[in-house]
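Student: Once you've looked at the hints, dock chain W against the given chain S.
The residues making up each chain are set out below.
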Amino acid sequence: MEVLERGEAEFHFIDPDNFRKYVRERKNRSWEDKLMDESEAVKKFVSDGDYLAYDFSSLTRGPQSLIREIIRQRKKHLWICAKFTLLESVLLTGAGCVDRIDVGFLGFGPYIAKKVQNGEVKVYDWSNGSITYRLIAGAMGIPFIPARDLLGTDTFKKSGAVVVKDPFAGKPVALLPALNPDVAIIHVQEADVYGNARVYGPTVATLETAMASKKVIISAERIVETIEFRKEPNMTLIPYYLVDAVVHAPFGAYPGGTQGYYEMDAEHYLMLTSIAGEDEMQKYLEEYIYSVDSHDEFLEKRVGMRRLKEIVRKAEILEGFR
Amino acid sequence: MKSDKFTDTEFMICQAARLLEDNKTVFIGWGMPQVVAMLAERLYTPNITQVFEFGAIGPRSRTPFLRGTMGGPQNTYRSLQWCSMGLAFNYAQAGYIDYGMLGAAQIDKYGNINSTMIGKSYEKPKVRFPGSGGGNEVASFCWRTIIVMNHEKRRFVERCDFITSPGHIIDGKRREEYGLPEDTGPWRVVTSKAMFDFEEESKMMRLIAVREGLSVEEVINDMGFEPLIADDIQTLEAPNEKELKVLREEIDPFGLIIKK
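Residue numbers (this note's numbering), protein chains in the order written: chain S, 1 to 322; chain W, 323 to 582.
Isolated chain S, as found in the complex:
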């Protein structure tokens, strides 16, 4: 195949055979109870320098309690996958956890923009679609996937994609390198202790991200018996053998919402998006993350029952979520 053009960015890549080998040796196919608290899960499965992926967004069903735990444990030199996400990249960058960001959508607000403008964090521009396709390739166990996005643009030039002459139709086509993250963190409505998981609502790239990643931490609003999955197998999104840890995390997406459980806390969200300077950011991190030991303590001391009751009260739409 004739290579017509190459994007210039470095990109995270694992040879599919190396990934298969990892899956064979390290992904646990035994029915083992993987329930643990978020501190243990992050300690065991998130390492400095990891490529980290997360799913959905800080508005809806995002793994916010796990993000906060990663910040609390002061992980360093992460390379993060900011696809269809909003504030995760802002917080992780503010906490100094991040060196590099693959951008689908960088995140909101003046804080993260300033970090990029000052060259304090390195960004690689892709797009939500191309990063999703890369995860799909990673989940399929193939080295790359052809697609017709990015073509012709500066987004392509700043990505790690290549353009080749497609041997079938004879036209230029983009080849996107597979993405196999070191670790994925995913929040779901229901999981069992083995890691079987299901979500209600749109799925973004939940399954692809879990399949493509070496280590997977699931946090769940509710822990259910395995029979729940066998009763409705159409609803199983993630089978247990993809998963390394299961964390019981009610309100795990706070300040975002989780369908069927609670709405987002708009006030807290606004406070976060309005953070512009370093002082405000460090004050936020101290107040809401460093100064509490756990998600439980965060909910008790920094959010409180009154606020939680309010966001549960607002979650009136249940159609499709139960």
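Heads up, some of the hints might be wrong.
[Unchecked claim] No more than 25 angstroms apart at the CA atoms, straight line, and that leaves these computed lysine-lysine pairs for PhoX-like:
1. S/K157 / W/K495
2. W/K442 / S/K157
3. W/K346 / W/K327
4. S/K157 / W/K567
5. S/K27 / S/K44
6. S/K301 / S/K314
7. S/K165 / W/K582
8. W/K327 / W/K495
9. S/K157 / W/K582
10. S/K171 / W/K581
11. S/K157 / S/K171
12. W/K525 / S/K171
13. W/K582 / W/K564
14. W/K581 / S/K122
15. W/K564 / W/K448
16. S/K157 / W/K448
17. S/K76 / W/K446
18. W/K446 / S/K114
19. W/K442 / S/K122
20. W/K564 / S/K114
21. W/K327 / S/K114
22. W/K446 / S/K122
23. S/K21 / S/K43
24. W/K442 / S/K114
[Claimed, not checked] On the chain W side, residues computed to face chain S include the following (Cβ under 7 angstroms):
25. F328
26. P447
27. S524
If you are wondering where the hints come from, they were derived from the structure by calculation, not from laboratory data.
C-beta atoms are modelled at their ideal positions from N, C-alpha and C, and glycine is treated no differently.
Tutor: Okay, now just chain W, sitting in the frame of chain S:
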């Protein structure tokens, strides 16, 4: 309520909503496009199918529009299908999506748009924006892309500082030559002062209509390049009372989008 007083955003929302066709599919992004689709669905195109990148196909708009509803119960209500982002983009890549709607920080005369950064240095941009999101896919895959943006001189440039999403001709080459799907591309540009299409042969942006009360000259003076000018310039009528009433009382009573 007086209909002669409205914001630029309200003006753009109404123009864009009048452009959509019924019984078509439309890829909807964050913010203003959501409100455009709601208004169109309510007044003009009751059978339009909205498609959202996170994986919601054909939701029924719930009003009022609330902050941060991207992907939550509010804007996925009564969908035909909930699916993955991969599938949502595949629908577009395979040709099932008629319209896409995007904003832009900069645009050039061939409809290339920038939503990534302003400045000469990519490594140290003067201003950094969120980047493509799903914009690159929308502009690459949808049959007709509508771009909605404020009409300011600095936004209309000879060459975007960064081409996030493709227009018709990029650095001298037609989009098909890069491998982008045939017969796709920017279709209309709706601004706070005017509307443009792209001339068939040259693929250059062409002024086709100006806002009621403005002259062609006033519109062009506020651009960083000179567009083609159609022989017959239409007038863009102001939002009417019905549109404003629905927008202000039903769709966005909190003014989250329309007051911007």
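Student: A separate judgement is required for each hint: does it hold in the structure or not?
Tutor: We went through each hint and held it up to the structure:
About 15 angstroms separates the Cα atoms of S/K157 and W/K495, which keeps this hinted pair within 25 angstroms; it holds. For the hint pairing W/K442 with S/K157, the CA-to-CA distance comes to about 15 angstroms; that is within 25 angstroms, so the pair holds. This hinted pair does not check out: W/K346 and W/K327 have alpha carbons roughly 32 angstroms apart, beyond 25 angstroms. Distance check on the hinted pair: S/K157 and W/K567 sit about 46 angstroms apart at the alpha-carbon level, beyond 25 angstroms; violated.
Distance check on the hinted pair: S/K27 and S/K44 sit about 14 angstroms apart at the alpha-carbon level, within 25 angstroms; holds. For a cut-off of 25 angstroms, the pair hint linking S/K301 to S/K314 stands: about 22 angstroms separates their Cα positions. Annotation: proposed proximity of S/K165 to W/K582 is violated, straight-line Cα distance about 45 angstroms (limit 25 angstroms). For a cut-off of 25 angstroms, the pair hint linking W/K327 to W/K495 is broken: about 43 angstroms separates their Cα positions.
Of the supplied pair hints, the one linking S/K157 and W/K582 is violated, its CA atoms being roughly 34 angstroms apart against a limit of 25 angstroms. Of the pairs offered as hints, the one joining S/K171 and W/K581 is violated, with about 46 angstroms between alpha carbons and a cut-off of 25 angstroms exceeded. Restraint check for S/K157 and S/K171: the C-alpha separation of about 19 angstroms stays at or below 25 angstroms, so the hint holds. Only pairs whose Cα atoms come within 25 angstroms are accepted, and W/K525 paired with S/K171 is accepted, the gap being roughly 21 angstroms.
Only pairs whose Cα atoms come within 25 angstroms are accepted, and W/K582 paired with W/K564 is accepted, the gap being roughly 20 angstroms. As the CA atoms of W/K581 and S/K122 are separated by approximately 35 angstroms, the hinted pair breaks the 25 angstroms bound. A C-alpha spacing of about 42 angstroms is found between W/K564 and W/K448, which places the hinted pair above 25 angstroms, so the restraint is violated. Proximity of S/K157 to W/K448 is assessed by CA-CA distance (about 19 angstroms); at most 25 angstroms being required, the pair is judged to hold.
Among the hinted pairs, S/K76 with W/K446 is consistent with the structure: their alpha-carbon atoms are about 23 angstroms apart, no more than 25 angstroms. Taking the CA atoms of W/K446 and S/K114, the gap is near 10 angstroms; set against the 25 angstroms cutoff, the hint holds. Between W/K442 and S/K122 the alpha-carbon distance is near 17 angstroms, which keeps this suggested pair within the 25 angstroms criterion. In summary, the hint linking W/K564 to S/K114 is not supported, as the alpha carbons are separated by about 42 angstroms, beyond the 25 angstroms threshold.
Under the criterion of a C-alpha separation no larger than 25 angstroms, the hint pairing W/K327 with S/K114 is inconsistent with the structure, at around 36 angstroms. Among the hinted pairs, W/K446 with S/K122 is consistent with the structure: their alpha-carbon atoms are about 10 angstroms apart, no more than 25 angstroms. Our distance criterion of 25 angstroms between C-alpha atoms is met by S/K21 and S/K43, whose separation comes to about 24 angstroms. Among the hinted pairs, W/K442 with S/K114 is consistent with the structure: their alpha-carbon atoms are about 16 angstroms apart, no more than 25 angstroms.
The restraint placing W/F328 at the interface with chain S is violated, with a minimum CB-CB distance near 26 angstroms, outside the 7 angstroms limit. Here the hint on W/P447 is kept, as its CB sits about 6 angstroms from the closest CB of chain S, short of 7 angstroms. Given the 7 angstroms rule on beta carbons, the hint for W/S524 is violated: about 18 angstroms separates it from the nearest Cβ of chain S.
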